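*Asks:* Here is what each chain is made of, one letter per residue.
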Amino acid sequence: MARRSTPLLRRLLAPSPSPSPYPSTPLAGAVSRRTVTYMPRPGDGAPRGVTLIPGDGIGPLVTGAVRQVMEAMHAPVYFETYEVHGDMPTVPAEVIESIRRNKVCLKGGLATPVGGGVSSLNVQLRKELDLYAALVNCFNLPGLPTRHDNVDIVVIRENTEGEYSGLEHEVVPGVVESLKVITKFCSERIAKYAFEYAYLNNRKKVTAVHKANIMKLADGLFLESCREVAKKYPGIQYNEIIVDNCCMQLVAKPEQFDVMVTPNLYGNLVANVAAGIAGGTGVMPGGNVGQDHAIFEQGASAGNVGNEKIVEKKRANPVVLLLSSAMMLRHLQFPSFADRLETAVKRVIAEGKYRTKDLGGTSTTQEVTDAVIAKLG
Amino acid sequence: MALRRLLQGSVLPRVTGRALAPAVAPFSTESGETIRATLFPGDGIGPEIAESVKQVFNVAGVPIEWEEHYVGTEVDPRTESFLTWESLESVRRNKVGLKGPMATPIGKGHRSLNLTLRKELGLYANVRPCNSLPGYKTRYDDVNLVTIRENTEGEYSGLEHQVVRGVVESLKIITRQASLRVAEYAFHYAKANGRERVSAIHKANIMRKTDGLFLKCCREVAEKYPEIQYEEVIIDNCCMTLVKNPGLFDVLVMPNLYGDIISDLCAGLIGGLGLTPSCNIGEGGICLAEAVHGSAPDIAGKNLANPTALMLSAVMMLRHLQFNDKADRIHNAILQTIAEGKYRTTDLGGKASTSEFTKAVCDHI
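For the protein sequence lines, the chains are Z and C, in the order given.
Mapping to full-length UniProt numbering: the first sequence position 80 is 80, numbers consecutive.
Mapping to full-length UniProt numbering: the second sequence position 111 is 111, numbers consecutive.
Hints listed in this document are in silico derivations from the structure and should not be mistaken for laboratory results.
Bear in mind that the values here come from a model prediction, so they are computed numbers and not experimental data.
Some hints could be false.
[Unchecked claim] In silico DSS-like links for lysine-lysine, alpha-carbon gap of 27 Å or less:
(1) Z/Lys-216 / Z/Lys-127
(2) C/Lys-137 / Z/Lys-253
(3) Z/Lys-204 / Z/Lys-127
(4) Z/Lys-216 / C/Lys-119
(5) Z/Lys-309 / Z/Lys-253
(6) Z/Lys-127 / C/Lys-209
(7) Z/Lys-309 / C/Lys-326
(8) Z/Lys-353 / C/Lys-244
(9) C/Lys-119 / Z/Lys-253
(10) Z/Lys-216 / Z/Lys-192
(11) C/Lys-244 / Z/Lys-253
(12) Z/Lys-314 / C/Lys-244
(13) Z/Lys-253 / Z/Lys-184
(14) Z/Lys-313 / C/Lys-137
(15) C/Lys-244 / Z/Lys-357
(16) C/Lys-209 / Z/Lys-253
(17) Z/Lys-216 / C/Lys-209
[To be verified] Selected chain Z positions facing chain C (in silico; Cβ < 8 Å):
(18) Leu-179
(19) Cys-247
(20) Ala-275
Every residue gets a Cβ at the ideal spot worked out from N, C-alpha and C, and that includes glycine.
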């Protein structure tokens with residue numbers, strides 16, 4: 001999502017979607033309505049395949065919403081749907097095959113049974129496809145009241161190693177060890193991704209989050225890699241912050257943060273805190289990306305699939321997955337569709353008539369979806 | 001639960017004695033008997049705020065005799081740190097202490113001061129009650145929770161090594177013994193302070209064996225306290241809920257790393273480390289209350305420091321000693337002073353000096 005996207009701003013300010021070249025509002029009167037156009041190559045409009053995993057809990061509801069909106073827009077994507085559930089032992093091979101072929105996937109959450117013998121499928125997918133960067137975009141949505149303003153944070157989290165290595169064993173009965181592994185290779189590539197992201201998106205500052213005063217070798221290695229990469233981007237500010245201080249600052253002064261790069265576990269916590277202050281997991285989009293593939297999903301808390309009551313009453317919030325699919329459309333280089341979808345969602349939220357319970361309203365998923373479709377320009 | 005909160009919130013300065021008591025103390029407190037307590041004033045602003053606490057205690061008539069100990073200038077070989085053996089013996093003997101902020105000297109050949117205290121005194125639980133201060137407005141008004149953090153093991157075991165160049169492993173250790181100990185303390189605290197719910201924070205869906213063991217121990221202890229509600233919350237949801245709706249939490253018990261982050265997060269919700277009391281519980285009923293903020297060398301000696309955190313920690317210490325009446329009076333005095341807003345130190349947006357603030361608190365007692 002490009003906060004500084006001028007076409008978006010103009011669309012929001014424009015009085016009606018009529019194709020007149022000069023708008024009537026004084027605010028937008030000084031500039032022309034469209035920016036310099038995106039010129040595709042012949043054949044770019046051919047429909048792209050996207051693997052769709054509805055998932056558990058509220059997953060099928062919200063992915064259904066995305067499908068409806070995509071159809072209404074006639075977006076050049078077609079979905080290959082696969083049923084995967086959190087209690088399966090592994091992700092089925094055909095699903096992985098499909099993602100490798102399509103290169104892009106949209107998924108609802110997969111609930112991991114707590115303490116059970118199954119390892120998290122969300123984590124498995126990330127490791128299998130080597131999606132080493134998880135990105136969560138946390139920003140204030142106009143019209144949605146939160147306690148904090150001026151939030152515009154992107155949390156980039158290392159996704160494959162760290163505390164989530166899954167290497168645990170019982171030393172003797174009653175004593176358990178878990179290994180946290182940090183490698184230079186993974187730390188370097190996540191730092192490179194973070195700085196490259198900042199560079200490509202005109203972001204000014206990258207903050208590394210760590211606990212190197214206690215875990216001197218492990219987080220020390222992470223910081224070293226970040227510092228090395230920072231030298232190659234002299235135009236981007238770089239600083240470091242300890243994770244407990246970081247959480248305190250996020251709650252007190254979130255405007256000081258721009259892009260944050262973190263190892264695995266801290267990234268989970270920081271992403272959830274940042275998403276919470278900006279409006280909640282129901283609205284913050286995100287995705288996982290690797291060298292060859294990308295999976296778009298709910299930004300933070302991918303394992304949180306809501307409870308049965310929400311599923312029964314069909315009141316899940318589709319906004320997060322709609323915004324993530326806008327991210328996906330941009331990733332697939334369909335900027336116009338991404339803009340339309342994003343604008344429609346933002347208009348629905350700003351109006352405030354159709355909001356699900358987590359945003360303080362009473363609408364059902366279908367009502368919000370219909371409202372978004374109605375607002376598509 | 002809601003009624004209790006309503007009563008606590010509506011009548012401004014009346015705080016019940018239950019909010020901050022760390023534990024049932026193994027003391028018999030007959031009136032007239034002076035208790036000896038160890039005091040580590042610390043560095044930077046430490047001595048000034050320790051003075052404030054002593055003043056307030058004098059005015060309130062608290063029968064405590066302070067044994068002051070300072071961080072030495074050379075490493076004591078018996079403790080491998082700048083804290084002398086005598087200081088530690090003093091805490092072991094007195095069983096209560098108050099510690100100001102200590103800056104760890106840089107260099108090698110000695111352990112960090114906090115690590116020394118923790119290991120030598122067996123401080124296994126860190127308790128931080130976080131309550132929104134009435135009259136001091138932050139973005140959150142209804143914070144009323146206590147974080148209890150396991151302080152000895154977990155991710156902070158300090159066991160790291162480089163496997164090969166560019167690959168580092170760090171061990172996270174969870175033992176049944178330590179988890180049971182902190183869970184016992186958490187439920188005991190909840191019961192002693194009239195708290196209704198204990199939430200265990202974990203990430204057992206990913207770290208199945210380690211956090212799984214922690215949860216198992218919490219469940220075992222929960223069965224012994226059927227009157228207290230017990231729930232388990234994954235840390236993602238916990239963070240999210242704390243930031244959106246902190247009034248939903250009561251007592252939180254967690255392993256070391258999550259505890260560190262969550263307790264600082266909660267401190268941020270109520271206004272920062274300058275207002276947060278904290279207390280470390282050790283084996284044998286030792287209670288070492290401390291101020292968790294830094295030593296602020298830039299304002300040291302200028303009479304600008306905010307003594308609230310150390311004062312509130314001292315109140316926690318008083319409740320541990322079961323001087324509940326005095327503790328209530330001092331606590332209410334502090335709350336009233338802050339709520340009135342006339343004497344507030346610079347970090348709270350006011351212009352009062354440390355001594356003015358202290359005098360105002362004394363006047364309110």
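*Asks:* If a hint holds in the structure, say so; if it doesn't, say that too.
*Replies:* Here is what the structure says about each hint:
no. : hint                  : verdict
1   : Z/Lys-216 / Z/Lys-127 : 26 Å, holds
2   : C/Lys-137 / Z/Lys-253 : 15 Å, holds
3   : Z/Lys-204 / Z/Lys-127 : 30 Å, violated
4   : Z/Lys-216 / C/Lys-119 : 19 Å, holds
5   : Z/Lys-309 / Z/Lys-253 : 35 Å, violated
6   : Z/Lys-127 / C/Lys-209 : 20 Å, holds
7   : Z/Lys-309 / C/Lys-326 : 49 Å, violated
8   : Z/Lys-353 / C/Lys-244 : 22 Å, holds
9   : C/Lys-119 / Z/Lys-253 : 35 Å, violated
10  : Z/Lys-216 / Z/Lys-192 : 22 Å, holds
11  : C/Lys-244 / Z/Lys-253 : 15 Å, holds
12  : Z/Lys-314 / C/Lys-244 : 23 Å, holds
13  : Z/Lys-253 / Z/Lys-184 : 32 Å, violated
14  : Z/Lys-313 / C/Lys-137 : 38 Å, violated
15  : C/Lys-244 / Z/Lys-357 : 14 Å, holds
16  : C/Lys-209 / Z/Lys-253 : 36 Å, violated
17  : Z/Lys-216 / C/Lys-209 : 25 Å, holds
18  : Leu-179               : 5 Å, holds
19  : Cys-247               : 4 Å, holds
20  : Ala-275               : 7 Å, holds
When the structure is compared with the earlier hints, violations turn up for hints 3, 5, 7, 9, 13, 14 and 16 and for no others.
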